[in-house]
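All chains, full assembly: derive it from the sequences and hints.
Number of protein chains: 2
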Amino acid sequence: MSDLAFNEIARPAVAVSPVEKFREFLGTRGKRLTQERETIVREIFADHEHFDSDQIVARLTQTRRDGGRVSRATIYRTLSSLEEAGLIRKVARANDREVYEHDYGYPQHDHFICEKCNQLVEFRNDEISAVLVRVAADHGFRMSGHRLEVHGICAACAKPPTRRHHKLDMI
Amino acid sequence: MSDLAFNEIARPAVAVSPVEKFREFLGTRGKRLTQERETIVREIFADHEHFDSDQIVARLTQTRRDGGRVSRATIYRTLSSLEEAGLIRKVARANDREVYEHDYGYPQHDHFICEKCNQLVEFRNDEISAVLVRVAADHGFRMSGHRLEVHGICAACAKPPTRRHHKLDMI
DNA sequence: ATGGATGCAAAGCGTTTGCATACAG
DNA sequence: CTGTATGCAAACGCTTTGCATCCAT
Chain A
73 MSDLAFNEIA RPAVAVSPVE KFREFLGTRG KRLTQERETI VREIFADHEH
123 FDSDQIVARL TQTRRDGGRV SRATIYRTLS SLEEAGLIRK VARANDREVY
173 EHDYGYPQHD HFICEKCNQL VEFRNDEISA VLVRVAADHG FRMSGHRLEV
223 HGICAACAKP PTRRHHKLDM I
Chain B
73 MSDLAFNEIA RPAVAVSPVE KFREFLGTRG KRLTQERETI VREIFADHEH
123 FDSDQIVARL TQTRRDGGRV SRATIYRTLS SLEEAGLIRK VARANDREVY
173 EHDYGYPQHD HFICEKCNQL VEFRNDEISA VLVRVAADHG FRMSGHRLEV
223 HGICAACAKP PTRRHHKLDM I
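If you read the sequences in order, they're chains A and B. Following this note's numbering from start to finish, the first sequence increments by one per residue and tops out at 243. Following this note's numbering from start to finish, the second sequence increments by one per residue and tops out at 243.
These are calculated hints, taken from the structure and not from any lab test. Be aware that one or more of the hints could be misleading.
Which copy is meant is left open, so a pair is good if it fits within one copy or across any two.
To be verified - Pairs of lysine to aspartate or glutamate, EDC-like flavour, derived with a Cα cap of 16 Å:
{"#": "1", "residue 1": "Lys162", "residue 2": "Asp210"}
{"#": "2", "residue 1": "Lys162", "residue 2": "Glu187"}
{"#": "3", "residue 1": "Lys93", "residue 2": "Glu155"}
{"#": "4", "residue 1": "Lys103", "residue 2": "Glu155"}
{"#": "5", "residue 1": "Lys162", "residue 2": "Glu221"}
{"#": "6", "residue 1": "Lys231", "residue 2": "Asp124"}
{"#": "7", "residue 1": "Lys103", "residue 2": "Glu170"}
{"#": "8", "residue 1": "Lys231", "residue 2": "Glu121"}
Shown next as structure tokens:
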């Protein structure tokens, strides 16, 4: 099964593929879906991992089997558009870098950020949103979304005193 | 009443002044409380407003009545120390800048961030912490703190269609 | 055809750092 | 005295931008 098939068909719980969704968005702004933009969207939606600009740059800036090389500038420009389009969003800040994740086709959730291994772990909890809706209303604040980072030590790093976490992953 | 008096005496609900607290912290690290560091702490704790590096730099980099000029480099170095010391913490990111606030002598709270005027508004809600404590426990996560930004439009910007907010404050 | 998009390299911007000098303990 | 800290300016790392060329529509 090719990447294309995966992206176009096996996407989770959404009627339109991310690429199509992006094309629509671009259309409404008199912008175009170029090959570069499509390459970037496919790369990002190939899995459901968190990512930052650097990782995408690293993957797409090299010469690729499919010939889809994209320049650093275009990647930055496209990440902004994807955020405007509501396809991705900034979820946290780890290692002084902004971390993105898909905001299309996946349910609302928040994150734990481990201070030792810097790993992001997702968790879902509906009470939080419920409380926020209420609190916002109380303050006359028209909430559009939120960003919640829970800091601490993850289960893996907390348990064993000696293990292959700690320093290695802090780089 | 001088600034000194305010900082040393009229601080809210804490036994030791921020400056003293910082001196203690520095002591445990073999570091010193210099005049520059003291100037910075006083400036920051002179009120309870949120602030970012730039604002402090702007205020302390100029020649001052009290002669307490401090260099940009020292301000950055000191902000880091103050964060380590637990006197301040990063609460949000607005306008692509990290926003700090006091983390000493003030109760836990979170923030609304208005997308129009970029204003930060504090709110307190104990349910949130309670939920987080529980959720963290469920995941074996040892929580040390959290950062919650609620995005949207504040009451002031939401109401009147024409008013002196909107573009002016977006600078 | 033609206005938007890309790639490159240069410019920006906030933050960090090397080094000589100044000073707290 | 002695090791830290400061100030300055240069170095950094990420992101943005000007411009000539390219291409989706």
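Each hint tested on the structure:
| no. | hint | verdict |
| --- | --- | --- |
| 1 | Lys162 x Asp210 | neither (26 Å within a copy, 25 Å between copies) |
| 2 | Lys162 x Glu187 | between (19 Å within a copy, 15 Å between copies) |
| 3 | Lys93 x Glu155 | within (12 Å within a copy, 42 Å between copies) |
| 4 | Lys103 x Glu155 | within (15 Å within a copy, 44 Å between copies) |
| 5 | Lys162 x Glu221 | both (11 Å within a copy, 12 Å between copies) |
| 6 | Lys231 x Asp124 | neither (28 Å within a copy, 37 Å between copies) |
| 7 | Lys103 x Glu170 | neither (26 Å within a copy, 32 Å between copies) |
| 8 | Lys231 x Glu121 | neither (25 Å within a copy, 39 Å between copies) |
Checked against the numbered hints listed earlier, the structure breaks hints 1, 6, 7 and 8; every other hint is satisfied.
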